[in-house]
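**Student:** Sequence:
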Amino acid sequence: MTQEELNKCGITQPDIILVSGDAYVDHPSFATSLLGRALWDAGFTVGVLAQPDWKDHNLKSFKRLGKPRLFFAVVPGAVDPLLNAYTPALKKRSKDSYSPGGKLTRPERTTIVYANALHWQYPQIPIVIGGIEASLRRFAHYDYWSNSVRQGILADAPASLLVYGMGELALIEIAKRMQQGDAINTIRDIPGTCWTMSVGEFRKNPPEDAVLLPSYPSVVGKGVFASAYAVMYREGHKRLVQPHPKTVIVANPPMRPLTTKELDHLYELPFTRRQHPSYKEPIPALEPVQFSLVTHRGCFGGCSFCAITHHQGRIVTSRSEESLIREAKRMTEMPEFRGTIQDVGGPTANMYGCTCEKWKTGVPCPDKNCIKCGAFTDGTERQLALLERLRNLPRVKHVFISSGIRFDLIPKDASGDHYLLELRDHYISGHLKVAPEHISKPVLALMNKPQNRVFYDFHVHFESLQKRTTPHGGNRQYLLPYLMSSHPGCRIEDMIDLALYLRKYNLYTEQVQDFTPVPMTLSTAMYYSGLHPLTRKKVYVPVGGEKRIQRALLQWKDPKQYDLVIAGLLQAKRSDLIGDLIPARGKFAREKK
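Numbering (UniProt numbering), first residue to last: 1 to 593.
Do not take every clue at face value.
Restraint-style ranges between C-beta atoms, simulated for each label pair [said to hold, decoys possible]:
{"#": "1", "residue 1": "388", "residue 2": "43", "range": "35 to 43 angstroms"}
{"#": "2", "residue 1": "262", "residue 2": "471", "range": "34 to 42 angstroms"}
{"#": "3", "residue 1": "201", "residue 2": "86", "range": "36 to 44 angstroms"}
{"#": "4", "residue 1": "221", "residue 2": "583", "range": "44 to 52 angstroms"}
{"#": "5", "residue 1": "562", "residue 2": "361", "range": "49 to 57 angstroms"}
{"#": "6", "residue 1": "220", "residue 2": "63", "range": "34 to 42 angstroms"}
{"#": "7", "residue 1": "220", "residue 2": "86", "range": "19 to 27 angstroms"}
No lab work stands behind these hints, which were simulated from the structure alone. A quick note: this is a predicted structure, and the numbers were derived from the prediction, not measured. Beta carbons: idealized from backbone N, C-alpha and C, even for Gly.
Let the hints inform the model, and build the full structure from the sequences given.
**Tutor:** Below is the structure:
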């Protein structure tokens with residue numbers, strides 16, 4: 001992080017400098033640390049420029065470590081910078097959990113700002129961009145924050161290569177190629193990377209075996225945008241090419257997932273699990289994950305609104321139980337450890353241990369609907385065995401699952417009951433997090449979520465299990481449902497039905513996610529185009545004030561939402577619920593009287 005540390009390590013010039021939008025925390029939940037440790041383990045020296053001062057006219061902090069021998073790598077942060085900067089209602093957030101003291105320090109379009117600053121200071125040094133921001137913007141994309149379709153990020157940032165997805169393998173391969181003398185503009189065959197070629201070269205010698213996407217700016221047209229997304233969705237395992245006015249972006253096929261052995265090795269590198277000692281204030285994002293374990297990568301849920309599949313992939317790779325036990329033992333030896341392992345999971349905790357023979361082909365099934373297929377092998381028993389071993393480690397008092405589970409993955413037999421009772425008795429602290437998202441049949445279909453009957457049956461069964469006694473007794477646990485408002489296809493009437501359903505079954509929650517159109521998701525393509533890209537059917541899209549009303553309807557108990565709830569009820573012609581769902585006030589009270 002500092003010149004003093006370089007000197008202490010005997011490094012005159014680092015091979016690679018990672019430029020991070022997050023503060024530097026040496027923990028495997030933070031991308032900069034994960035990539036830095038992987039590169040160092042592969043034999044490269046690494047410096048970290050964490051949150052350089054981009055407002056300084058002279059950009060001095062970008063020169064703090066000098067120039068790297070091979071390249072700069074821009075890693076904007078663990079969370080997309082614009083999601084991090086704005087609420088779904090486009091209000092500026094007041095805190096950044098990934099900065100010391102929660103202060104706002106990073107620019108909104110971090111990758112572009114950092115890349116331009118580096119190029120200005122060191123025009124001859126190659127720049128590689130990656131992370132969630134670049135990964136989701138590798139093609140022309142709808143940008144919710146400017147309400148426009150923007151170019152692929154390589155057309156805006158002065159970078160030589162883009163690494164998409166989980167980038168360890170690709171970044172190490174780039175470093176090895178450059179180490180052996182390859183110029184970065186000749187490195188065009190590494191999976192999981194995007195590169196550019198001139199328009200003239202593209203016309204003379206287009207890439208072989210490539211699928212051509214509609215060009216920018218033709219994709220600004222909503223119908224063309226939907227068509228382009230459908231091609232990306234169906235052909236994303238191939239090489240894709242998208243012409244832009246001044247350049248042509250080529251995306252190679254995805255990099256293979258890490259194997260279990262590789263994942264074990266990566267997460268067992270000597271992370272300190274602490275923030276860099278130079279910081280005088282705590283970094284809020286560290287506290288809830290400091291003593292957590294990542295069990296696997298990938299998610300085959302396929303939710304239309306989620307970007308995880310587009311970044312981590314749908315193939316699940318699970319770590320070995322022995323590796324996780326070793327990591328947990330080292331964690332418990334830290335003086336800060338107080339006996340609680342805060343979370344054991346991944347994108348979905350109970351996908352740990354799931355396998356499928358079809359995943360070995362490396363080519364996704366045409367419908368990409370693993371949940372509905374069910375050809376995978378369930379990992380429930382393996383997950384429980386791991387949790388029990390962790391719980392019995394010395395110094396461990398509690399082991400919790402905080403990352404949530406898929407209720408539709410739980411076996412509907414005695415083994416499923418055993419699983420839920422074990423969670424109730426040992427691994428839940430008051431609430432089990434699940435994500436039904438909605439109850440409306442058409443909305444759930446657009447979300448690619450299970451229909452409400454599945455959640456209803458699970459809820460009823462979960463409540464019945466609370467009455468069962470076990471040798472461990474068992475504390476009363478509650479469901480904490482994650483719900484979403486304003487998703488494409490959702491109308492105010494649907495939100496009223498959802499509010500009534502929650503009231504009926506006593507499932508009120510203050511945690512409501514207002515749909516945010518994140519680049520590259522299916523839901524975002526619906527939001528912008530008003531079409532379902534895969535069926536070409538029209539989709540209703542709530543915008544503006546209606547988004548605020550929909551969110552308020554799920555918080556009908558909050559007095560601050562009263563006026564918006566009233567507006568929604570009147571708009572849906574459900575004034576009968578004034579004085580029922582919410583109290584009648586003012587003229588509504590007089591009318592009732």
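**Student:** Take the hints in turn and mark each one as holding or not.
**Tutor:** Each hint, compared with the structure:
{"no.": "1", "hint": "388 - 43: 35 to 43 angstroms", "verdict": "holds, 38 angstroms"}
{"no.": "2", "hint": "262 - 471: 34 to 42 angstroms", "verdict": "holds, 40 angstroms"}
{"no.": "3", "hint": "201 - 86: 36 to 44 angstroms", "verdict": "holds, 38 angstroms"}
{"no.": "4", "hint": "221 - 583: 44 to 52 angstroms", "verdict": "holds, 48 angstroms"}
{"no.": "5", "hint": "562 - 361: 49 to 57 angstroms", "verdict": "holds, 55 angstroms"}
{"no.": "6", "hint": "220 - 63: 34 to 42 angstroms", "verdict": "holds, 39 angstroms"}
{"no.": "7", "hint": "220 - 86: 19 to 27 angstroms", "verdict": "holds, 23 angstroms"}
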